[in-house]
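**Student:** The task is simple: from the sequences and hints, build the whole structure.
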Amino acid sequence: DGGITQSPKYLFRKEGQNVTLSCEQNLNHDAMYWYRQDPGQGLRLIYYSQIVNDFQKGDIAEGYSVSREKKESFPLTVTSAQKNPTAFYLCASSVNRVGQPQHFGDGTRLSIL
Amino acid sequence: GQQLNQSPQSMFIQEGEDVSMNCTSSSIFNTWLWYKQDPGEGPVLLIALYKAGELTSNGRLTAQFGITRKDSFLNISASIPSDVGIYFCAGPYSGAGSYQLTFGKGTKLSVIP
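Sequence order for the protein chains is F and V. Residue 38 in our numbering sits at position 38 of the first sequence, and the numbers go up by one each step. Residue 64 in our numbering sits at position 64 of the second sequence, and the numbers go up by one each step.
Derived by calculation from the structure, the hints in this document are not laboratory data. From the three backbone atoms N, C-alpha and C, an ideal C-beta is built for every residue, glycine too. Treat each hint with caution, since some may be false.
[Unchecked claim] Here are the computed lysine to aspartate or glutamate pairs in the EDC-like style, where the Cα-Cα straight-line distance is at most 16 Å:
no. : chain 1 : residue 1 : chain 2 : residue 2
1   : F       : LYS9      : V       : GLU41
2   : F       : LYS83     : F       : GLU24
3   : V       : LYS105    : F       : GLU15
4   : F       : LYS9      : V       : ASP71
5   : V       : LYS108    : F       : ASP38
[Unchecked claim] Cβ pair distances, simulated, as ranges:
no. : chain 1 : residue 1 : chain 2 : residue 2 : range
6   : V       : LEU45     : F       : PHE12     : 25 to 33 Å
7   : F       : PHE12     : V       : GLU17     : 39 to 47 Å
8   : F       : VAL98     : V       : THR68     : 15 to 23 Å
9   : V       : THR68     : F       : ILE112    : 39 to 47 Å
**Tutor:** Shown next, in the form of structure tokens:
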């Protein structure tokens with residue numbers, strides 16, 4: 001079945017450590033997105049990519065980095081510069097047309113040790 | 001920038017009751033999307049609306065694209081315990097050449113058996 005796979009489901013980070021969250025899709029979508037979700041705050045866009053080898057900062061990109069070397073993959077690195085990384089992270093993908101629905105993975109919950 | 005206001009923020013209802021929630025925008029939308037997020041999971045698309053005045057059903061769910069194009073409504077009839085979750089509205093972000101979506105902050109639904 002086509003879909004978006006995020007891994008791991010749960011992740012723990014030590015102080016000063018970088019961690020990478022995986023996102024893979026087999027929907028043949030050109031666009032991919034990373035969101036951060038905190039209780040009561042909805043979805044906030046971290047980074048997005050509309051095509052391979054290109055990505056743009058979203059509303060809260062500081063302390064995060066991404067790469068888009070393959071169409072299917074859009075990993076997110078939470079760096080040590082992100083001082084409050086505890087949150088639920090969601091990856092999504094869509095076709096490249098205005099107003100098209102985004103399809104989401106099941107999320108990764110990141111916590112600080 | 002664009003803002004989507006969802007109301008109510010949360011609601012507690014008795015099993016079997018009908019539910020209504022709405023979403024308003026500060027600008028005109030050409031598309032309205034409604035998602036549901038179960039606890040610990042990613043959002044799942046429920047209904048997509050593409051035309052002002054459009055009324056679309058998906059089982060017990062009915063959504064309407066407001067004729068002003070600045071609002072949308074979601075109704076759930078005869079609620080059941082598995083309706084529990086957060087319901088998000090979304091619409092196209094207004095940035096030029098962007099395929100992003102703008103999301104509301106969600107309506108959290110609790111169903112009392």
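**Student:** What are the numbers of the hints the structure violates, in ascending order?
**Tutor:** 2, 3, 4
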